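S.K.: Letter by letter, the chains look like this.
Protein chains: 2
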Amino acid sequence: MKPEDFILVSVDDHVVEPPGMFKQHLPPQWQARAPRVVRKKDGSDVWVFEGAQIPNIGLNAVVGRPPEEYGMEPTSFDQLRPGTFDIHARIGDMNVNGVLAQLCFPSFPGFCGTLFARQADKELAVTMLRAYNDWHIDEWAGSYPGRFIPLALPPIWDPKLMADEVRRVAKKGCHAISFSENPEKLGFPSIHNEHWDPFWKACNDEGTVVCIHIGSGAGMAFTSMEAPVDVMITVQPINIVTCAADLLWSRVLRTFPNLKFALSEGGIGWIPYFLERADYVYKHHHQWTFQDFGKKLPSEVFREHIITCFIDDKAGIQNRNLVGIDTITWECDYPHSDTTWPRAPEILAESFAGVPDADVNKITHENALRHFRLDAFKHRPKAKCRAGALRAESPGVDLSLKSQGGKPPSEEKGRFVSTKDVTTQLATAFSTPAE
Amino acid sequence: MKPEDFILVSVDDHVVEPPGMFKQHLPPQWQARAPRVVRKKDGSDVWVFEGAQIPNIGLNAVVGRPPEEYGMEPTSFDQLRPGTFDIHARIGDMNVNGVLAQLCFPSFPGFCGTLFARQADKELAVTMLRAYNDWHIDEWAGSYPGRFIPLALPPIWDPKLMADEVRRVAKKGCHAISFSENPEKLGFPSIHNEHWDPFWKACNDEGTVVCIHIGSGAGMAFTSMEAPVDVMITVQPINIVTCAADLLWSRVLRTFPNLKFALSEGGIGWIPYFLERADYVYKHHHQWTFQDFGKKLPSEVFREHIITCFIDDKAGIQNRNLVGIDTITWECDYPHSDTTWPRAPEILAESFAGVPDADVNKITHENALRHFRLDAFKHRPKAKCRAGALRAESPGVDLSLKSQGGKPPSEEKGRFVSTKDVTTQLATAFSTPAE
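Heads up: the sequence lines are chains A and B, in that order. Residue numbering for the first sequence follows the numbering used here, beginning at 1 and increasing consecutively. Residue numbering for the second sequence follows the numbering used here, beginning at 1 and increasing consecutively.
The set of hints was computed from the structure by calculation and includes no laboratory data. Do not rely on the hints blindly, as some may be mistaken.
Identical copies go unnamed one by one, so any copy, or any two together, can satisfy a pair.
Unchecked claim - The calculated lysine to aspartate or glutamate pairs, modelled on EDC-like cross-linking and capped at a C-alpha distance of 16 Å, are: (1) 283 / 206; (2) 185 / 226; (3) 2 / 123; (4) 314 / 279; (5) 23 / 68; (6) 2 / 421; (7) 378 / 226; (8) 172 / 393.
Remember, predicted model here, so these are calculated numbers, not experimental data.
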């Protein structure tokens, strides 16, 4: 298939929340307590919520910069490409990349809304979280029907509230909700605990996909502060293997037959190994570990419940039948540094060399549309959904790389940038004094 | 190739050290302080060294038991299959499994000799460590020339002593030494620190392979004490990916051109994904992380320096050229629960279906013999090295499964055995009161 003929649905991108996002989604008495953007004397922008500053307004949102600046953490909206936070500019950026639809994870509230979970005032917390979800579903995704798979944040501190929120947003057409790769690391019970059953049941009933993004609980994986930062960047996706194993061996998948999880940004090339390993462990050990998958193998149960995705992954595509051809989806990771924007169709075409069209279609869009229940073709004819057609709709988008300045993690010549450099850079951002 | 025609060289097995092992390898004045085996009133055997008990005499050495007993931790030599600790019985067990040669990791001193490193008296420590290595090389492996790839333990607390030991054992024909997957977790500098340079240089000069076994520093990987123990068993091998990334991005491989590392028990099916990911990260990020591989890609440097291995891994074998056909080796993991003993040839034959003989030979023995510098065919003609011939040499080995009793990690019916059950079982063993 030619690049311009792909229909691309991405299941993992990110929105940088714009200032004023809560305005239309809160009753007047709550407005004053909503998170707000404050520009500081040093020119940086921070979110301020309940007296605390949240400076990482667009964590690693470096799209459109030259690669030399990928390590420079944006500290103000001026440094961001407008497509990161402006819905109309976003559509333009999607069009020039030939992307029909996408699912956006949050930035400042944390991947599963931990900012809200940390608030002592739980009425405030759930009010702001619902307003966030309403903004995301009605205003962000709702501005362009058929172009977004909306994603809700969970009130993760209360499974009953989570279940209510799943049902509430499902009525608005939202069938995806974010969750943690390891809630125990966030101070909640593990996924093996029956604590979460009301949430699983609601997702099971409503056909809502539980989306687990890398870095959503188990922390960043690093071996040493002295290690080159490339170690962390390399292993961060595959580290979701522990979450995949946790889900696979848990009672959850076997208790809730319709429940589906998406491993967001986890890659797929390691999955044939992982599933073979799981089946081996099952056959070798079930007699003393008391695991029981009935007449199935763990790999079969995995493929019934787990949606996977990749940015660019030739090994995974080559082994697509061992991964599970009906569960592989694609992601663009806009606006983060790993994104293939704006050349996604061309990069994918290389990785799809020799793959039959039927498989390409499953991976690029059919699986995503089915699992996440988006009826994109209701909103525009299929021919106008292809990469070439979308690109033709936005001929004026400026693709030139723009230097946005900022402070690199290290200016020391002759040595690799280390984990310590990058964590220090982020720690400094967090400790900026209030004004 | 038929199962009986394989020539099998395994690069990861384990020896359970027999009582009295230090006798012939220490001068008289040190004999009284050597670790010794003590049988306790409850019938259990422990190693006693400098007043401390080490109860896990043969950690998970459950070979020959029915699978229901794989979770029962051996607490006495009576519960062990003699092949685990008796060199003559070991050869019989290798023969019935068609294994020509093997490399044995230690049991009671820890994978990289941390028992010795923990001793305050460093003269005692290095004396016992050298005696251990002499026993391993001269008595264990030396009893059957050509049948073992000897492995030395490093005096890991002192890189200069490590270099001396590398050179000392190299003179005795030992070209493999154990090391940690993350020495920082053991209280030493990270592998990125120049601290280790004398050790790397000695290995580089002597052609000595640095063998890094899973679980040799970074601890066991688990998500929650509530998680089924199967989670830990499944991900333990692939967790070596963080060590692989650490090595790959470090200055070490690029500074020491002949240096080779073996990732022991890490599996291979995930490596095509990992190398593709590393190359992607390099291309996307090197301009701000300052990594420089010259005219090579990270994947090429990896294949020049890293030896991989697997127990049974169809996905890896199928993708052998993406892994690196000249660096893949095989392992048997005798006497641990994941071993394919005594059916290794038959199990391998299934995984090798359709693979050309030339590739089978590389993976089963040629790569291992070359990298670890064992000239096995000097000791016996090639025809007598094949699985079928070896099996014919030991017709009388008893292969019936034997119940050896012991305490299972959990006797509670109706639930999975958890991480907590297994760690409690091991913790109890460690806290057995002295007598």
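S.K.: For each hint, tell me whether it holds in the structure or not.
M.R.: Hints, one by one, checked against the model:
no., hint, in the structure
1, 283 / 206, "neither (34 Å within a copy, 42 Å between copies)"
2, 185 / 226, "between (24 Å within a copy, 13 Å between copies)"
3, 2 / 123, "neither (52 Å within a copy, 69 Å between copies)"
4, 314 / 279, "between (24 Å within a copy, 12 Å between copies)"
5, 23 / 68, "neither (37 Å within a copy, 62 Å between copies)"
6, 2 / 421, "neither (42 Å within a copy, 55 Å between copies)"
7, 378 / 226, "neither (52 Å within a copy, 45 Å between copies)"
8, 172 / 393, "neither (28 Å within a copy, 73 Å between copies)"
The structure fails to meet hints 1, 3, 5, 6, 7, 8 from the earlier list, while all remaining hints are met.
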